[in-house]
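Two chains, two frames, some hints: make the complex.
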Amino acid sequence: MDFLLNRYRSLTILVVVVLAQVVLLAFQVKTNSNVPLIRVWAVEGVTPLAGVFESFRSTIAHFIDDWLMLANAQAENRRMKDELGKLKLENHYLKSELATAQRAEALQAFQKRSPSKTVAARVVGTATGVGAKVVFADRGTTSGVRKGMAVITPDGIVGKVIASFPNASQVQLITDPSFAAGVVSGKNRTVGTLKGQGRSDVIVDYVQIEQPVEQGEWFYTSGDDRVFPKGLPVGQASVVRQGRTFKEIFVAPSGFQRGLEEVLIVVDGVHQQIPDDAAAQAQPVSLLPPPPQTSAAPPGGGSAPATGTAAIPDSLLTDADRLKRKYNGIGESVGYKFGEGMSSPNFNAPPKSPAPKTEAASPSANPPAQSPAQPAAKPSVPPPGKQ
Amino acid sequence: MSEYGEFLATAPRRKGALRFRPAVMFLVPLAAICFQVYVPRFVPFAAYLELPLLVTVYFSLMRRQPVAGTFIGAAIGLTQDALSHLPLGMFGIVKTLVGYFAASVSQRFDVENPAIRIILGFFFFVFHKFFYWVLARALLGEPLPLDLAQTMAVGALNAGAGLPLFLLLDKLRDEDPAVIR
Chain A
4 MDFLLNRYRS LTILVVVVLA QVVLLAFQVK TNSNVPLIRV WAVEGVTPLA GVFESFRSTI
64 AHFIDDWLML ANAQAENRRM KDELGKLKLE NHYLKSELAT AQRAEALQAF QKRSPSKTVA
124 ARVVGTATGV GAKVVFADRG TTSGVRKGMA VITPDGIVGK VIASFPNASQ VQLITDPSFA
184 AGVVSGKNRT VGTLKGQGRS DVIVDYVQIE QPVEQGEWFY TSGDDRVFPK GLPVGQASVV
244 RQGRTFKEIF VAPSGFQRGL EEVLIVVDGV HQQIPDDAAA QAQPVSLLPP PPQTSAAPPG
304 GGSAPATGTA AIPDSLLTDA DRLKRKYNGI GESVGYKFGE GMSSPNFNAP PKSPAPKTEA
364 ASPSANPPAQ SPAQPAAKPS VPPPGKQ
Chain B
13 MSEYGEFLAT APRRKGALRF RPAVMFLVPL AAICFQVYVP RFVPFAAYLE LPLLVTVYFS
73 LMRRQPVAGT FIGAAIGLTQ DALSHLPLGM FGIVKTLVGY FAASVSQRFD VENPAIRIIL
133 GFFFFVFHKF FYWVLARALL GEPLPLDLAQ TMAVGALNAG AGLPLFLLLD KLRDEDPAVI
193 R
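Taken in order, these protein sequences are the chains called A and B.
First residue of the first sequence? That's 4 in this note's numbering, and the numbers climb one at a time after it.
First residue of the second sequence? That's 13 in this note's numbering, and the numbers climb one at a time after it.
Bound-form chain B, shown alone (with noise of 0.2 Å):
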C-alpha cells in the first residue's frame, strides 16, 4: 500500500450523515441555480463556474447516503434542465449519477480534507462535463465538441473555487458528528 493509500486508510472518518435545516437544503441549490441564470448576464466570466454541480457533490458528501445523493442530484439536475433549452433530464440523469458517487465515495475518504475536496471537485467536473457530453450525443444525437484542455483548465477552476464554498457550506451545518477511527 502506498504511503497516501495508508493516509487515506487511516485518515478519521465521520460517523452518520451531517444534517442541514430544509431551508438551507432548499435556498443553497436555488441560489447556485441563480447564480448561473443571473450572474453571467453581469460576470460572463462566471458562467464557466458550475456552481450547481459544485452544491450537488458537497451536500451528498456530506450526507453520506447515494439514495440521498441520487435525489439531490436529480432535483438540481432537473431544475436545471428546466431553466434550459433542452429537454428535461440531460442535467437531471448527470446529476444524478455524480450525487450518487459523490455519496458513495464519501463513505470511503475523509470529505473534510481540503485537498480531498479540491480532487472530487475536480473529478466530478470533467465526470459532469465527459457524461453529458455522452448523454448528449447518445441520447439527443447532438455533436457536441468536447475540448480536453479546456475541461480540464475550467475543471481546476471549478475545483479552486469550490474550496472556499464548501468552507462556507461548512457553516451551514447543523450538527457535527463525532469523529471516530
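Same shape as in the complex, but just chain A (with noise of 0.2 Å):
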C-alpha cells in the first residue's frame, strides 16, 4: 500500500478528489439537497466583486458616453457655429440687399414725383487724390449723363459730374472744397454760396452779417448756379455765428444721410418752389379753432354794422376803421346803401342821431360822463355782457 502512494502518489490523489467530489455528487442527487455552505462562500466571494466590476463598468460607460456626447456636442456645436457663421453672413447679405432695395424704391419713388429727370447710378469707386471728395457713378455719356449734371439723393443734393465718360462718370461731391453752388435758407430767404472744406459738413458764404439766419434753418438750391434746379434741399445750418465780414454758417448736408451708395444725376432739370421752413412745416402747431362770432356790437359802438370791423374792440381800432364806421353810419341815416350805384350822400354833412353813436363808439372820443345825455343811442346798443 505505501508502495502503491508512493509509485503513484500524483493518480492515487487524483483518485481520491475525483471520488471525492463523485460523493459530493451523489449525496446531492440522492438527497436532493445542496451543499450551500460552499455556494455561499462561492456567492459571497463573487458577488462583490461583480458589483465592484458593475460600478467600475457603469463608471467607465458613463464616462464614454458623456465623452462621447461631449464630442458629439462639440462636433455639433462647432457645426452649429458653422451654421451659424453662414447664416450670419447670409442675413448681412441679405440685409444689405433689402437696404438697396429700400434705397432703389426710395430713388424710384423720388423719381416719379420729381418734375426733373433724372437717371438713377451706382457709386462705384471713389477717385484718388489727396482730399478730393469725387467719387465715380456707373453711368455716362452713354446714358445722357454730361458733365455738369447734377447729382442728387431723395435727401438732398451730393455733387456734381464734372467728368462724363462712357460707362461712368466723375461726381464732385458737395464736401469738397473746390466746390461751390447758389442756396437759400427757406425761412429767411437768404441767399448765399455754398462751400465744400473737405469735412462732413460745409459752409454757406457770403452771408453778409445783418441777414438773418436761424439756427436749424432750411437751405435749398437757388437754381443761380445754373447747375442745380431750384428747390432742392441741401441741409441745415447747424452752427450759425457772426464772423468778420460774413455770417459763419455751417450745413450738415442732408443728401448724405443714408449713405452714398445709389444717387440720381439730374439730366433734365426743372426748377421747383422753394418751400417754407422744413424744419416748421415739420412740426406741425396746435391752433385752437376760431371764437364763435357774436352778433353784437362792439361795446359803445353804435347801430353795430355787419362789417368786419364790428367785433373788433374799439382800443384796436385804426383811423381808417372809424372813418368807415362813420360813413357807414351816415349811410344808414339816409338811407343810402354803398355799391348799390347810388348817389353818394354828402359825407361833410354833419352826422344826425346816428352820428353821436358812431362816436360814441370810440370810448376815448365819447367819456362817460356824456353818455346818459345821449339817451337815443341806448335802445339800439345793448349793454355789453347781456347778449
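Hints should not be assumed to be uniformly reliable.
What the hints assert, rightly or not - Just a sample of chain A residues kept apart from chain B, beta carbon distances all over 10 Å, derived: (1) 28; (2) 29; (3) 56; (4) 57; (5) 84; (6) 85; (7) 183; (8) 208; (9) 249; (10) 263.
As the list claims (entries may be wrong) - What follows is a set of in silico ranges between Cβ atoms, one per label pair, in the way DEER data are often shown: (11) B/175 x A/14: 22 to 32 Å; (12) A/15 x B/36: 27 to 37 Å; (13) B/52 x A/94: 15 to 25 Å; (14) A/41 x B/164: 54 to 64 Å.
Derived by calculation from the structure, the hints in this document are not laboratory data.
Even for Gly, the Cβ is constructed at its ideal location relative to N, Cα and C.
Given below as C-alpha cells:
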C-alpha cells in the first residue's frame, strides 16, 4: 500500500479527489439537497467583485457616454457655429440687399415725384487724390450724363458731374473744397454760396452779417449756379455765428443721410418752388378753432354794422376803421346802401342822430360822463355782456 | 520517429515548477470566474470563452505537478459549480482531470511553445466538453446535446484566445527556471 502511494502518489490523489467529488455529487443527487456552505462562500466571494466590476463598468460606460456626448456636442457646436456664421453672412447679405432695395425704391419714388428727369446711378468707386471728395458713378454719356449735371438723392443734393465717360462719370461731392453752389434759406430767403471744406459739413459763405439766418434753418438750391435746379434741399444750418465780414454758417448736408451708394443724376432739371421752412413744416403747430361769431355790436358802438370791424374792440380800431364806421352811420342815417349805384350822400354833412352813436363807439372820444346825455343811442346798443 | 516527434524529443524543457505569487494564484482564477459570470451579460459572445478552463490549463502546465494541477482544477471547478445551478462536483471532477492531465503533459512537452499551447488549449477544451457531457449523462442523467462541429469551433476559439492569455499570465510569473536540454 505504501508502495502504491509512493509510486502512484499523484494518481492516487487524483482518484481520491475525483471520488470525493463523485460522492459529493451523489450525495446531492441522492438527497436532492444542496451544499449551501460552498455556494454561499462562492456567491459571497464573487458577487462583491461583480458589484465592483459593475460600478467600474458603469462609471466607464457613463464616462464614455459623456465623452462621446461631449464629443458629439462639440462637433455639433462646431457645426452650429459654422452654420451660425453662414446664417450671419446670409443675414448680412440679405439686409444689405433689403437696404439696397429700399434705397432703390426710395429713388424710384423720388424719380416719379420729382419734375426733373433723372437717371439712377450707383457709386462704384472713389477717385484718387488727397482730400478730394470725388466719386465715380456707373452712368456715363451712354446714359445721357454730361459734365455739369447735378447729382442728388431723395434727401438732398450730393454733388455735380465734373467728367463724363461712356459708362461712368466723376462726381464732385458738395464736401469737396473746390465745390460751390448757390443756395437760399427756406425761412428767411437768405441767399449765399455753398462751399465744401473737405469735411463732412459744408459752409454757406457770403451771407451778410445783418441778414437773418437761424440755426436749424433749411437751405435749398437757388438755381443761380445753373447746375442745380431750384428748390432742392441742401441741409440744415447746424451752426450760425457772426464772422468778421460775413456770417459763418455751417450746414450738415442732408444728401448723405442714408449713405452714398445710389444717386440720381439730373439730366433735365426743372426748377421748383422753395418751400417754407421745412423745420416749421415738420413740426405742426396746434391751433385752436376761431372764437364763435357774436351778433352784438362792439362795446360803446352804435348800430353794429355788419362789417369786419364790428367785432373788433375799440382799442384796436384804426383811423380807417373809425372813418369807415362814420360813413356807414351816415349812410344808414340817409338810407344809402353802398355798392348799389346810388348817388353818394353828403359825407361832409354834420352827422344826425346816428353820428353820435358812431362817435360813441370810441370810448376815448366819448367820455362816460356824457353817455347819459344821449338816450337815443341806448335802445339800439345793448350793454356789453347782456347778449 | 517522425520529424515532429524528434522536435518534441529534442525540444528544450524547463526544469522544475514555475512559481506564482499566492495572490496571483487566487486572483487570476477568481477573475476568470468573474469574467464568465459578469461579462456575458453585456457581451453575449464572451459566453463562448471558457476562461476558468484556460486558467486551469495554464497553471497546471506551469506548475508541472499533477497533484497541484489536481487541486487547482478541483478548486476552480468547484467554485464554478457553486455559481451554477447544477449540483457541486460536475465542473470540479472535469477540471480536476484536466488539471491532472495538463500537469502530466507539461512534463513531456515544451509548454512555452505557442503551437503546443494552442494544441493543448484546443485539446483540453474538447476533453472538458466531452467529459462534462459524459458526466452529465452518466451521473445526472441529463440528456445534454453534443454538437461536435460547434465544439470544434468553440475549441478553436478558446485555443486562439488562450494564446494571448497565456502570454499575459507569463508576465505574472515569479521566476524563470533554467532551461535544460
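The hints, checked one at a time:
1. 28: violated (3 Å)
2. 29: Its Cβ does come within 10 Å of chain B, the nearest being 7 Å, so this is violated.
3. 56: violated (5 Å)
4. 57: violated (7 Å)
5. 84: Since the minimum Cβ distance to chain B is about 36 Å, residue 84 of chain A lies beyond 10 Å and the statement holds.
6. 85: Per Cβ check, residue 85 of chain A is outside 10 Å of chain B; nearest 37 Å; holds.
7. 183: Holds: least Cβ distance 90 Å, greater than 10 Å.
8. 208: Answer for residue 208 of chain A: holds, closest chain B Cβ roughly 92 Å.
9. 249: Holds, because the least Cβ-Cβ distance between residue 249 of chain A and chain B comes to about 96 Å, which exceeds 10 Å.
10. 263: holds (71 Å)
11. B/175 x A/14: 22 to 32 Å: The hinted range 22 to 32 Å holds for residue 175 of chain B and residue 14 of chain A, with Cβ atoms some 30 Å apart.
12. A/15 x B/36: 27 to 37 Å: For residue 36 of chain B against residue 15 of chain A, whose Cβ atoms are near 28 Å apart, the range 27 to 37 Å holds.
13. B/52 x A/94: 15 to 25 Å: violated (56 Å)
14. A/41 x B/164: 54 to 64 Å: violated (33 Å)
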